[in-house]
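Asker: Each chain is listed here by its residues.
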Amino acid sequence: MGQTMNNTLGFPILSMLIFLPLVGSAVILLMKRENEKAVKMVSLLVSIATFALSLLLFSNFDKSTHLMQFVERQEWIPSLNINYYLGLDGISVLFVLLATLVTILCVLISWESIKTKTKEFFISLLVMEGAMIGVFCSLDFMLFYIFWEAMLIPMYLLIGVWGGPNRVYAAVKFFLYTLVGSVLMLVGIIVLYFFAGRTFDILELMTKTYPYNMQLVLFWAFFAAFAVKVPMFPVHTWLPDAHTEAPTAGSVILAAVLIKMGAYGFLRFSMPLLPDASRAMTPVMLTLSVIAIIYGGIICLAQTDLKRLIAYSSVSHMGFVTLGIFALNTQGVEGGILQMLNHGVVTGALFLSVGIIYDRTHTRVIADYGGVASVMPLYASLFMVLTFASIGLPATNGFIGEFLILLGGFAANQWAGVLAASGIIIGAAYMLWLYQRVFFMATNPKVAGLQDVNMREVITLLPMIVLIFWIGIYPNVFLSFMHPSVQHLLERVNGRGATAVAENVMMQILK
Amino acid sequence: MVPLHWYLTLSAAVFMIGMFGFLTRRNIIIMFMSVELMLNAVNISLVSFSHYLQDLRGHVLVFFVITVAAAEAAIGLAIIISLFRNKQTAHVDEMNEMKG
Amino acid sequence: MLQQLFFGYYAFAIIILSLLVVTRSNPVHSVMWMLLLFFHIAGLYLFLNAEFIAAIQVIVYAGAILVLFLFVVLLLNLREELSLRQVAGSWPSAFFIVAGLFVVVTAALGSYVPGPVGAYSIAAVRSETHVKALGKLLYTEYLFPFEIASLVLLVAVVGAVVLAKRKLRS
Amino acid sequence: MNSYALIPFLPLAAFVINILFGRKYLKENAHWVSILAVAGSWVLAVMALMDVLNGNKINFDLYTWMLSGGFKVSVGFLIDQLTVVMLIVVTTCSTLIHIYSVGYMHGDTGYYRFFSYLSLFTFSMLMLVMANNFLQLYFGWEGVGLCSYFLIGYYFDKKSASDAGKKAFIVNRFGDFGFGLGIFVVFLTFGTVYYEPVFSQASSLAEATYNFLGYDVHLMTLIALLLFCGSIGKSAQIPLHVWLPDAMEGPTPVSALIHAATMVTAGVFLVARCSPIFSLSETALMVVALTGAITSLFAATIGLVQNDLKRIIAYSTVSQLGYMFLACGVGAYTAGIFHLYTHAFFKALLFLCAGSVMHAMGGELDIQKMGNLKKYMPITYATMLIASFSISGIPGLAGFFSKDEILWMAYAGESPVGKFVWAIGTLVAFLTAFYSFRLIFLTFHGKFRGTHEQEHHLHESPKSMTIPLVLLCVGAVAAGWVGIPALIGENIGVHNYIAEFMKPVLGHPEGHGTHGEEMVVMLISIAVGLAGIGLAYFMYIIRPELPDRLAQQFQAVYRILFNKYYVDELYSFIIVRPAIWTAKNVLIGITDGHIIEAVVNGVPSAIAALSSGLRKIQTGLMQHYATIMATGILIIVAIMLLR
Amino acid sequence: MPIAMPNLTPVMPELVMTCAAIIMLMAELVIKRKETLGFLSIVSAALISYLLLGSAGTTFGGMFVSDGYSSFFKLIFMANLVLTVLISPQYLHTMRINFGEYYALILFATLGMMLMASAADIIVLYLGLELMALSTYVLAGFIRYDMKSNEAAMKYLLLGAFASAILLYGTSLIYGLTGTTNLKDIAEYITNNGLAENPLLMVSMIFFAVAFSFKIAAAPFHMWAPDAYEGAPTPITAFMSVGPKAAGFAVLGRVFLVAFGSVRADWSLVLVPIAILTMAVGNILALSQTNIKRMLAYSSIAHAGYMLLGIIAGTPAGISSVLNYMFIYAFMNIGAFAIVIMLRTEGFAGEEIGDYAGLAKTHPAAAALMLVFMFSLTGIPPMAGFMGKFYLFMAAVNAGYTWLVIIAVLFSAISAYFYLRIVMLMYMKEPAGATLLNTSPGIGLALAITVSAVIFIGILPAKILGLAQIAVSSF
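Heads up: the protein sequence lines correspond to chains D, Z, S, G and F, in order. For the record, in the first sequence the residue sitting at position 482 is 482 according to the numbering used here, with numbers rising by one throughout. For the record, in the second sequence the residue sitting at position 17 is 17 according to the numbering used here, with numbers rising by one throughout. For the record, in the third sequence the residue sitting at position 32 is 32 according to the numbering used here, with numbers rising by one throughout. For the record, in the fourth sequence the residue sitting at position 566 is 566 according to the numbering used here, with numbers rising by one throughout. For the record, in the fifth sequence the residue sitting at position 394 is 394 according to the numbering used here, with numbers rising by one throughout.
Check the hints yourself; a few may be wrong.
As the list claims (entries may be wrong) - Simulated pairs of lysine-lysine, DSS-like, Cα-Cα distance not exceeding 25 Å:
| id | chain 1 | residue 1 | chain 2 | residue 2 |
| --- | --- | --- | --- | --- |
| 1 | G | K503 | G | K419 |
| 2 | F | K148 | S | K165 |
| 3 | F | K361 | F | K429 |
| 4 | Z | K87 | F | K148 |
| 5 | G | K57 | G | K72 |
| 6 | D | K115 | D | K32 |
| 7 | D | K446 | G | K159 |
| 8 | G | K447 | G | K369 |
| 9 | D | K117 | D | K37 |
| 10 | F | K148 | Z | K99 |
| 11 | G | K369 | G | K158 |
| 12 | D | K115 | D | K37 |
| 13 | Z | K99 | Z | K87 |
| 14 | S | K136 | Z | K87 |
| 15 | D | K446 | D | K115 |
| 16 | G | K375 | G | K419 |
| 17 | G | K158 | D | K446 |
| 18 | D | K117 | D | K32 |
| 19 | S | K165 | F | K32 |
| 20 | G | K159 | G | K369 |
| 21 | G | K27 | Z | K99 |
| 22 | D | K115 | F | K361 |
| 23 | F | K184 | D | K37 |
| 24 | F | K361 | D | K117 |
| 25 | D | K115 | F | K429 |
| 26 | G | K463 | G | K374 |
| 27 | D | K32 | F | K361 |
| 28 | F | K429 | D | K117 |
| 29 | G | K72 | D | K63 |
| 30 | G | K57 | G | K584 |
| 31 | D | K32 | F | K429 |
| 32 | G | K375 | G | K463 |
| 33 | G | K158 | G | K27 |
| 34 | G | K463 | G | K27 |
| 35 | G | K447 | G | K374 |
| 36 | G | K159 | G | K584 |
| 37 | F | K148 | G | K616 |
| 38 | F | K184 | S | K136 |
Calculated from the structure, these hints are not laboratory results.
Using the sequences and the accompanying hints, generate a full structural model.
Answerer: Structure, rendered in C-alpha cells:
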C-alpha cells in the first residue's frame, strides 16, 4: 500500500495486546468464584503484562513517519473485503498506552471496593481493555466498529452492576445514548463502503474523494456516534449520570479512555475521510465546542455531587479537545490529542481519588465533606495536584494541552478562542471551590478520623501524578509522537501546504 | 355461455361473505364454517378457471384444498373439544387470557 | 340463456345461503344451511363439468366435514347459546372492510386476462371421464403433492387423537 | 548548562525536598533547606548582577518545552538589567523573609509546608523574571499565583482564608485570560514568543493593524492591552484589585513577600519587560497610566478608614502599585521599576513589622484595639516608623527618590495625561502619608486599647524576626540612593545609577522641564507628605475624637470608603451570583433538565407510552386480529390499485 | 401409459424425514423412554443434513427443487429441530405431556418446512405449508389441560386457516391468469404475455404477500404470534419462532423472486411498509411486555421486520443475508428460549420478566448465557446477531434502501431497551427468592451449541456467510 510500515518487532504485538486481556478474562471465567484473591491477582498480572507489552510500542515507535506501524493484516471476511487489519500511528499510539495503564489502576482501585460478583467485574474490566485497545488499533472500519460497539457490553455491566444507587438508569441511558449514535454511524460506514468500491480499509478509504453532499451526510452520521461519545454539547447528558453512578473503575475508564474515542473518531475518520465536510462544518463544531466549554463549566458551579461535578468538568474539557481538533491546524490538533491524553490522566486520576474517599465515607455529596486536608494530608496534596492539572496550571499537563488548543482555536477562529479561553476562568472557579468545600475549612464530623491513603492507593495515583508533571514539563516526548501523523492528517484535510498557522501571518500583515 | 366473470364475482362474493362471518361471529364453530366458506369460494373460482382454461390442474388443486380442509377441520374441532374440556365455551371472546 | 338462468339461480342461492350460514344465531341452523349450500356448490361444479369434484364436495364436505361440525355443535348448550350475543367485534366496520375488499377485488377482476388454454377440453375430459383424467393426473404429474396430502391427513389423524384423547397418559 | 539556571532551581529543589520529606523527617528543620537554597540563589543573583554590570547579557535555552508545528518555546533564561534588578529584589526579600519566618512560624503544625511553599514561590517568581519568552513568563506568572493561593489559604481550616485564596486565584485568572490572548496575538503576528525577536521586530510592525474579533485595531495597542490585563490581575489594579486585601488572610511573611515585595509587582515587571511594545502604543500607555493613577487614588482612599492593620498596608500596596503603573504609563519604566525596587523594601518591612505586632498581640489585627506599642516593641516601632517615612516620601529615604522620580516624569513627560496623573499622584502622596501615620499613631502611640491579657503578653519579637526587620530597614533607607535624581545628585556627586543601568532595556526618557520646575514638583511632593503626616498627628494624637466625629458627619462617604466602594458586593452581584444562579436555574433547571433531558427521557417514555397504547390493539380477540389483517389487505390492495 | 419412476435423489432428505416421522409414530407405542425418540430425531436430523449434501436436483416434473437455497434453509430447519428436541424433554416432563407424538409432530412440521423450502410449485408449497401448519397447531395445543395452550392453538389455527384461504385465493387468481401453478412457468408467462401491469396479478401478489407475512409474523398480520407464542409449550414457541418463520421466508423469497420477479418494483412497494410496520410494532410493543415469552414473540416479529429488508433488497446479497440472519437467529433465539425453559419448574412458570431478577447471583452461568443471547438479539458485536444485521443492512444499502436501513437501525436501538431489561434484571437486581433451575443434559448441550454458535459466528462469520452466498448463487 505504501501507507504502512511492517511490524519490525517480529511478533504480532497489537494482536497480543488485544488478546492478552481477553485470554486473561477467559482464565478468570474458568476460575472458582470463591477464590477472589486469585481472581484479583490474575487480573492484576494480566493488566501489568499488557502494560509492559505496550511499553514496547512506546520504545519502538518510529516517530519520524506518519505511516501506520506494527501493522498486521489478515483476511477476515473475504467476501465483503473485511480484514483483520491493525496498525498504529502517532495519533493512536498514545491511547493504547493510556488504556493499558489505566486498566492496571482500575484493577488496583477495585481491589477492595468491589465486593459482589468479583469475578464478573474483573472479566468485564479485562474485556473492556481488550476492546479499547482494539478500537485504537483498528485500521478496518468494520473491525473498529465491532470493537467500538463491543465495549458497550462490559461498560454497561460495569455501570449497572457495581454502580451507585441510580445505576440502572445511568447504565441504560449510557447504553442507549451511545447505541443510537453508533448505529447511525454504521449506516454511514456502509454507505462509504459501497461508494469507495467495497472496502472498509481506512487507509484506502482515505485515498478516495467523495462528493460534497455525501460527505456532509456522512459527517453528521459519524457525528452522531462520535459526538455522543465525546460527549459534545447537546448530547452530553448521559455522561453525568454514567460517571456519577459508575463504580470508580468504571468512571475512570469512562473518563480516561472511553470518551476519548469520540474525539479519536473525529480525527481518524471524520476528518481524513470527509475533509470538505469537516472544513465546512468547522463553525458548527467550534460553536458546539465553545458551548460545551462554557456550559459544562458553569454547570459545575451548581453541582452538589462530587462525581457529577467532575463529570460535567469532563464535558467542559472535552469541549477543549473538540475545539482543538476542529481548529484544523497543527497546534489545535496536537493540543487536542495531547489534551485527550491529559484529560484521561487527570480526570481518570480525579475519579480514582474520589473513589478512594468514597470507599471510606460512602457519600458523594460535597456538603458531607470539609476539612479533609486536616485528616488526610497526603490525599489532599495528591488531589491538589490533580485539581491544578485540571485547571491547567503551567507545569502540569493540562496547561500544555489547553494552551495549544486555545492557540490553535484562536488562530482558527478568534471568537472561539476568546470564548473558550474564558473556560479557564470558570474551570479554576469550580475546581477550587470544590477543593475548598471538600478539603478546606473546618473538619466535617462525617470525615473525622478517616485513614489517610494507603500504599496501594498511592501507587494507584502515582503514575498519573508522574504523567501530569512529565507531560507538563517535557511534553515533547509525547508531542513528538504525533507531529508527522498530525501533519499528514492536516494535509489531507486542508490540502497540501495550507497547514501553517502562524508562520506566514506576519508577512500578510506587513503587506 | 356464462361468462367467467360471473363465476369470479360469485366466488369473490362468497369469499367476502365468509370473511365477513369470520370477522364478526362469536362462535368459534361458525368462524370455522366461515373459513370453509372462504375455501369453497376459492374452489368455485378454481373450478371455473379450470373449466374456462380447459385445464384440470385447478381441479387437482381443489382436490387438495378439500383434503386439507378436512384435515384442518379435524384438528380444529379436536382443539375445540379440548378447549371445551377446560372451559365450557365456544366463544371466541372468552378466549382472551392472552392479550396486549 | 338457460345456462345464465341456471347460473343465476345457483349464484343467488349460494349467496343467500352463505349469508344465512354466517348470520344465523343458531349454529345448528347454520350447519344445515351450509349443507344446502354445499349441495348447490356441487351443482355448480357439475355445471362446470367437474363431476368428481362435485362428488367429493358432497361426500367429503357435506358428508364428513359438516357432520363433524354438527357433532361439535351439539356439544354446545344450544338454549344458552341462543340467548347470547352472536357477534364479536364490531360488525359494521367488518362490513365496510369486507365490502371495500369486494369492491377492489371485483374491480381488479375486470382486468382479467384469460390464461393459456390447456389440453383438457371438455370433449377430451368427457371422452376419458373426469374421474379417470383427474386420477391420471394425480398419480402421475401430481403424485408428489398427493403423497404430501396423505401426510397431511396422517398428521390430522395423529393431531386429532393427541388433542382429543380422553385420558392423559403420562 | 549555565550555572545561572540554578537560581530558580535551587529553591525548586528545596521545595521538592521539603514537600517529600518535610512531614516525616525534616519537621522543625525544614527551614534550613529553604533558606540555604534561597541564599544560594541570592549569591548567584549577585554574581549575575556583577556579570550584567560588566556589560554581559545572558540569554540561553535550557530545553525545548513545547514544539508544535511552527510553535516552539523553550525553558530558557534571559538575564539583563531589568531581570537582574528583579533578581536582587526577589532573592533579597525572599531570603530575609525566609529568615523572618523561622521565628514567625515557629511551632506551626505546617512548618515544613510553609517553607516548601515559600521555596516554590521563590522558584516560580524567579522563573517569571528570568524567562526569555512569554510562555515561560506565563509559567512563572501562574506559578506564583498558585503559591499565592497556597499561602493565602495556608490556614485552610479557616473559611475566610480558603475563600481568600480561591478568590485570589480566580480573580487572577480573569487577568490571565487577557494575558493568554495577548500571547496568542504575539505568536500569530510575530510567529514566535521569544522576547528578543518580538521586541526587535516590534517597531517594524508599529503601524500594523490586526483584525481582532472583527474589528481592525492597532496591533501594538491590542497586544499591550491584552498583556496589561494580566498585569491588572496580578498587580491588583482596578478592577481586579479585590483579591489583594483579602489575601491578608495568609501568614504575614507571605503578605510581605508575595503581596508586597515581589509577586504583585510582576505586573509592573511585565509592563516594563514589554516596554518595546507599550512604547509603540500611546493608547496603551495612557490606559496604563490612568489605571495606575485611579487605582492608587482609589486604594488610598479606602486605606484612610480601614482598621485592619494588614489591610491598610495591603491597600497601600495597591495604591503604590498604581503608582508604578502610573510611572510606566507615562513612559518612565525605569521610574516604575525603581519604585518597585524601593517599595519592595519598605513595604516588606511594613508587613514584617505588622507581623511582629501581630505576633505580640496574639493575632489581633484591629488597630483600634492597639496603642502605645512603642513601649513594648522598640525595634519594631523604629523600623516601622522608618518604613512609613520612606513611603511618605520623606527626603533621603528610599521612597522619596522613587516617588519623586515618578511624579516628575509624570509632570514633565510626554504623556498627554501626564499632568493629570501627576496631580493625582500628588494627592495620593498626601493620602499615603496620612494613612501610614494614622496607622503608626493608632498602633504605637496613645493608650493601649486592647485587653489586659493581650497587654500582659506584649513583647518584642525574637531575633530571627527583628534582624530581617533591621536589614530591610537599611534597604528602606538606602535603597533609593542608587537613583538619586540629577537635580540633587549633581550637587553631591552621585549619578542616577539605576536610570543609567536600566537604559539599555527600558530607555530613559528625559523630562521636559526646567530644574526649577523639577524643584517645585519635588517640594510639592515633600510638602504633601509632611502635610499628611501632620494631619494624621493632628487627628490621632492631638484630637483623637475627631475621626469619629468626621465619620459621623460624612457617614455616607465613610461607609462607602469603609466598605471599599462595595466592589466585592458588586462583583458578587453581577458575576458570582448570576453565574451560580444561571447554573442552577437555567443550565440544570432548563437546558439540561427540561430541554435536553426532556428529549432524552421523553423519547423513551413516549415510545413506552406508545407501546402501552398499542398494546390495547392486541385485545386477545381473534375478530380484531382478523379485522386488522383484513384492513391491512384492503389498504394495500386499494393503494396498489389506485396508485 | 408407463409411469416413469421419478428421480428420488433430490427428495431423499424428505423421504428420510417421512420415514423417521412414521417410525417415530410406531416406535412411540413400544418405547417407554420418550427421550429415546428425541435421540432418534437428532440422529435422523444428522442423517438428513448429511444427505442434503448430495441432494441437488429437480424432480417430480419440476415441482420439487433441491438447490443451495433450499438446502440452506433445510440446514436451518435441522438446527431448529435438533435444538428444539434437545430443550424439550425436561419441559415435557415438568408439564406431564411427555408423549411420543410430540417428536413425530415436530418431524412432520419440519418435513412441511422442508417441502416449502423446496417447493417449485404452488401446490407443493401449499401442502407443505399446511403440513407444517397443522403439525404446529397441534404442538401449540399440546398441553391439553392448559387453557392458554388451547387458546394459542385455537387462535393460531383459525387465523392460520384464514391466511391459508387468502393464500388460496391468490393462488386461484394466479392460476386463472397464467394457467399454471409452477413458479418458473408463472414467471415466464408473466413476462411473455406482458401481465406485469395487470391489476389482478397485483391482487394475487398482494394476497401471497399477506399470507406469507402471516407466516413470518409481519405486521399487520402478526397478531396471532404473541398469543400463540405465549400459550404454546415453550420448546414449541422456540420451534415456532424459528422454523415456520424461516419456512415463510423461504417461500417468500422463492415465490417473489421467481414467480413475481418481473413485478419486483410493485412487491417491494408492498413489502416496504410492511417491513417498517413490523419493526415498529415488534420493537415498540416488546417494550411493555411482562411475560418473557411474549416479549420474545414481539422480538421475533421485529426480527422478521429486519429480515424483510433483505427480501426487499431482492439482490443475491439481500437473499443471502436473509439466510444468514435466519441461521444466526435460530441459534440465538432458541438459546434464549432454552434459558426460559430452564426457569420453568414444577409449579413455577418462570415466565414473568420479573422472575429473572438476580439470576446472575443465583445462577451466574445461566445469566451469563442469557446475557450473550440478549446482546446477540440486540445486535451488539461480537455476537452473531450483529453480523446478521450487518449483512442485512449492507445488502439493503447496496440496493438503495439506505433510508430504510436508517429506520431499521433506529428500531434496533430501541430494541436494546427491552433486551437490556432482562440483563438489567439478572445482573442489577437482587433475587426475590431462591430460583430453581431445571437443568438437563439436553438443555446443557443445546446451550453449549447455541452459545458457541452465537459467539463463533459473531467472530468468524466468513464461513457461514460464504455458505449463504453459495446457496443463493444457485437460486
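Asker: A separate judgement is required for each hint: does it hold in the structure or not?
Answerer: Here is what the structure says about each hint:
1. Restraint check: the Cα-Cα separation between K503 of chain G and K419 of chain G comes to about 24 Å, which is no more than 25 Å; the hinted pair holds.
2. Simply put, K148 of chain F and K165 of chain S have alpha-carbon atoms about 18 Å apart, close enough for the 25 Å limit, and the pair holds.
3. This hinted pair checks out: K361 of chain F and K429 of chain F have alpha carbons roughly 9 Å apart, not beyond 25 Å.
4. Only pairs whose Cα atoms come within 25 Å are accepted, and K87 of chain Z paired with K148 of chain F is accepted, the gap being roughly 11 Å.
5. Proximity of K57 of chain G to K72 of chain G is assessed by CA-CA distance (about 22 Å); at most 25 Å being required, the pair is judged to hold.
6. For the given pair, K115 of chain D sits about 16 Å from K32 of chain D by alpha-carbon distance, which is consistent with the 25 Å threshold.
7. Annotation: proposed proximity of K446 of chain D to K159 of chain G holds, straight-line Cα distance about 18 Å (limit 25 Å).
8. Only pairs whose Cα atoms come within 25 Å are accepted, and K447 of chain G paired with K369 of chain G is accepted, the gap being roughly 10 Å.
9. For the hint pairing K117 of chain D with K37 of chain D, the CA-to-CA distance comes to about 13 Å; that is within 25 Å, so the pair holds.
10. Proximity of K148 of chain F to K99 of chain Z is assessed by CA-CA distance (about 11 Å); at most 25 Å being required, the pair is judged to hold.
11. For the hint pairing K369 of chain G with K158 of chain G, the CA-to-CA distance comes to about 22 Å; that is within 25 Å, so the pair holds.
12. Restraint check: the Cα-Cα separation between K115 of chain D and K37 of chain D comes to about 12 Å, which is no more than 25 Å; the hinted pair holds.
13. Using a Cα cut-off of 25 Å, the hinted pair K99 of chain Z and K87 of chain Z holds, with the two alpha carbons roughly 18 Å apart.
14. In summary, the hint linking K136 of chain S to K87 of chain Z is not supported, as the alpha carbons are separated by about 47 Å, beyond the 25 Å threshold.
15. As the CA atoms of K446 of chain D and K115 of chain D are separated by approximately 23 Å, the hinted pair is consistent with the 25 Å bound.
16. Under the criterion of a C-alpha separation no larger than 25 Å, the hint pairing K375 of chain G with K419 of chain G is inconsistent with the structure, at around 44 Å.
17. Note on K158 of chain G and K446 of chain D: the hinted pairing holds, with a Cα-Cα distance of about 18 Å set against a maximum of 25 Å.
18. Between K117 of chain D and K32 of chain D, the direct Cα distance comes to roughly 12 Å. Compliance with the 25 Å bound is thereby established for this hinted pair.
19. Between K165 of chain S and K32 of chain F the alpha-carbon distance is near 19 Å, which keeps this suggested pair within the 25 Å criterion.
20. Taken as a hint, the K159 of chain G and K369 of chain G pair is honoured in the structure, with Cα atoms around 24 Å apart against an allowance of 25 Å.
21. Between K27 of chain G and K99 of chain Z the CA atoms are separated by roughly 78 Å; this puts the pair beyond 25 Å, and the hint is violated.
22. Between K115 of chain D and K361 of chain F the alpha-carbon distance is near 13 Å, which keeps this suggested pair within the 25 Å criterion.
23. With a CA separation close to 68 Å, the supplied pair K184 of chain F and K37 of chain D exceeds the 25 Å bound.
24. Distance check on the hinted pair: K361 of chain F and K117 of chain D sit about 8 Å apart at the alpha-carbon level, within 25 Å; holds.
25. With a CA separation close to 15 Å, the supplied pair K115 of chain D and K429 of chain F stays within the 25 Å bound.
26. For the suggested pair K463 of chain G and K374 of chain G, the alpha carbons sit about 17 Å apart, so the restraint of at most 25 Å is met.
27. With a CA separation close to 14 Å, the supplied pair K32 of chain D and K361 of chain F stays within the 25 Å bound.
28. Under the criterion of a C-alpha separation no larger than 25 Å, the hint pairing K429 of chain F with K117 of chain D is consistent with the structure, at around 12 Å.
29. Annotation: proposed proximity of K72 of chain G to K63 of chain D holds, straight-line Cα distance about 18 Å (limit 25 Å).
30. Taken as a hint, the K57 of chain G and K584 of chain G pair is broken in the structure, with Cα atoms around 55 Å apart against an allowance of 25 Å.
31. Taken as a hint, the K32 of chain D and K429 of chain F pair is honoured in the structure, with Cα atoms around 23 Å apart against an allowance of 25 Å.
32. Taken as a hint, the K375 of chain G and K463 of chain G pair is honoured in the structure, with Cα atoms around 18 Å apart against an allowance of 25 Å.
33. As the CA atoms of K158 of chain G and K27 of chain G are separated by approximately 23 Å, the hinted pair is consistent with the 25 Å bound.
34. Between K463 of chain G and K27 of chain G, the direct Cα distance comes to roughly 21 Å. Compliance with the 25 Å bound is thereby established for this hinted pair.
35. Between K447 of chain G and K374 of chain G the CA atoms are separated by roughly 11 Å; this keeps the pair inside 25 Å, and the hint holds.
36. Taken as a hint, the K159 of chain G and K584 of chain G pair is honoured in the structure, with Cα atoms around 23 Å apart against an allowance of 25 Å.
37. Straight-line distance between C-alpha atoms of K148 of chain F and K616 of chain G comes to about 19 Å, which keeps the hinted pair within the 25 Å bound.
38. A hinted pair counts as satisfied when its Cα atoms are at most 25 Å apart, and K184 of chain F with K136 of chain S qualifies at roughly 23 Å.
Consistency with the previously given hints fails for numbers 14, 16, 21, 23 and 30, ordered from lowest to highest.
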